[in-house]
Amino acid sequence: MTLVIIGITVVLFAIGFEMLLVLGIPSLLLKLAYFPHMPNEVLLQKMVAGMNHSTLMAIPFFILAAETMVQGQIAPRLTNLVRVFIGHYRGGVGSTTVATAMVFGSVSGSAAATVSAIGRIMYPELRKNGYSERFSIGLIAAGSETALLIPPSITVIIYGWLTGASITKLFAAGLIIGLVLGGLFIGYVVIQSIRHDVGRLERQGLAVRWKALKEASWALGMPVIILGGIYSGMFTATEAAAISVVYALIVEGLVYRELTLRQLADIVEGAAITSCIIFVLIGMGSILAFFLTLFQIPTLIIEVLDQLGGELLIFLLVVNITFIIAGMFLDPASAQLILVPALFPAAVALGVDPIHFGMIVTMNIAMAMITPPFGLDLFVASSALNKPIALVIQSVLPFIVVNLIVLALVTAIAPLSTFFPRLLGL
Amino acid sequence: MGSSLLRALRTIERFGVVTLFGIMLVLFFANVLVRVVAPSYASNIAWAEEAARLAMIWGLFLVAGMTLERGRHIAMTSALMLLRPPLQLAVRRLIGVVGAVFCGYFTYLASRMTLFVFSTGQVIPSLNLSSAYLYMGAAIGLALLSLRYVIEVADPRAPLEFQEEA
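If you read the protein sequences in the order shown, they are chains W and E.
Residue numbering for the first sequence follows the working numbering, beginning at 15 and increasing consecutively.
Residue numbering for the second sequence follows the working numbering, beginning at 712 and increasing consecutively.
For reference, chain W alone in the conformation it holds in the complex:
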């Protein structure tokens, strides 16, 4: 029976059923087949309970803040600031693309939003300065992954909610891993720029830099509020998220004065839709996670691991391979909702630090955004840049190698994930 249910799930997934049905239908079938005496209302109860959590409120708030900033002036002003300060270095245009994605990440938390926002601006710039078509596409799709690691990150919030790990610590760890990934991307850009002797932006004078800094001064308050507020222990992630929305609304509405009421309604509606996409999956995923626990899947995994000798690195290797394969096909939230509840207890049993495990998961999810055939960013890049998907896939391949290097580092060196939260005394 279990095999039949798995088969049905795969078919539903493959022929294009919405993921809410791909997660929901097998849960209903498992309930009917194996727990016929349990009241069916339990399905609904688990779904609502999964969504009704104060940690998860950070998600609509961060999305709302990001939509406000991207529609308004905060995001473009931050982008301009990065450009005038680093655009003139060797590989400057490429580095600016990565750094812009990181800055966008620090205010938005969504890789897909980052691809479409920076793609249209940076792609012509990269091509104009001599970067090849493939390199430019790959850089935009891959660079945007850093948004998933650099706080605030929706992926990290979902992991924290699933495992009970501290979001503050995860945000601190994610900042470091995001900087490592971004740093390696920039390193790769510089090497390629030297090899192919591509152009760079004109060096900007002090007056231009000062102007850019002044224009971005209000915008710079945003990362300070999000990161400073959380790391100082003054606010929880959810509180910082709510404050960031209010701050974004005040800056866009009262300081830059470019936000109309109609725009505001559109922004709220857009944010609600984006949040709904995630929450519906969280709700359905909560039901599935409940049944995975009833089937004692986590215990089974621990037993299998024991038989394999309980070797930590082998376990982490298995985790990585599982996530890489799942990531090729599933969207980030679904991959986490299915795999984390099953694998996390085994990780804890083997003594893996929850923050370290969180970074392994997040790094895998970030990479999954660009792994063919179905990485989400591949499709967003294809549509935002108007390029065929096959070309986008070829373009990201070298960047997947960079990802694998970072994933290996994050997996093998636990302190890379844990030292910064400790340093901050979190």
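For the record, the hints were derived by calculation from the structure and aren't laboratory data.
A virtual CB, placed ideally from N, CA and C, is assigned to each residue, including glycine.
Incorrect hints may appear among the rest.
[What the hints assert, rightly or not] Some but not every residue of chain W turned toward chain E, in silico, with C-beta under 8 Å:
id, residue
1, Ile29
2, Glu32
3, Ile39
4, Asn54
5, Glu55
6, Leu57
7, Val62
8, Met65
9, Ser68
10, Val260
11, Ala286
12, Ile287
13, Cys290
14, Phe388
Let chain W serve as the given structure and place chain E on it in line with the hints.
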């Protein structure tokens, strides 16, 4: 007639979700502000967090149907895109039927839960409000989602374009 009803429904959904998200933000922000500025009053406004969460749940469910209508719920449509348009429409209709039945059944479960929790008198403590309101939001949202799936059956979205054309 049908389309003007649907237009009215969209307006109500849009107005509802913008209002609910607004309430969520104002209440939650007020709660944080009071805790930071006047901590001694923090316990007086502890209800605001629960109320904000209730507004969030209602808002998220209310917008679920609209999200489907705009094709925004995540689905792996790559294989679907490879099919010829008439076959695509047939698959979308099938998805519509299954989705409508599934969400319809969940609407029924949510309605039963709402009535059951009302009858037990269980309340959200800090709000002194029946917990049934939580499930009522789910019932309304799932019904709206189910309705959109029914519309998919009658009038499926335009076929998706071939991705590999270029």
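Practice item. Any hints from earlier that this structure breaks? Give me their numbers in increasing order, please. Key: none
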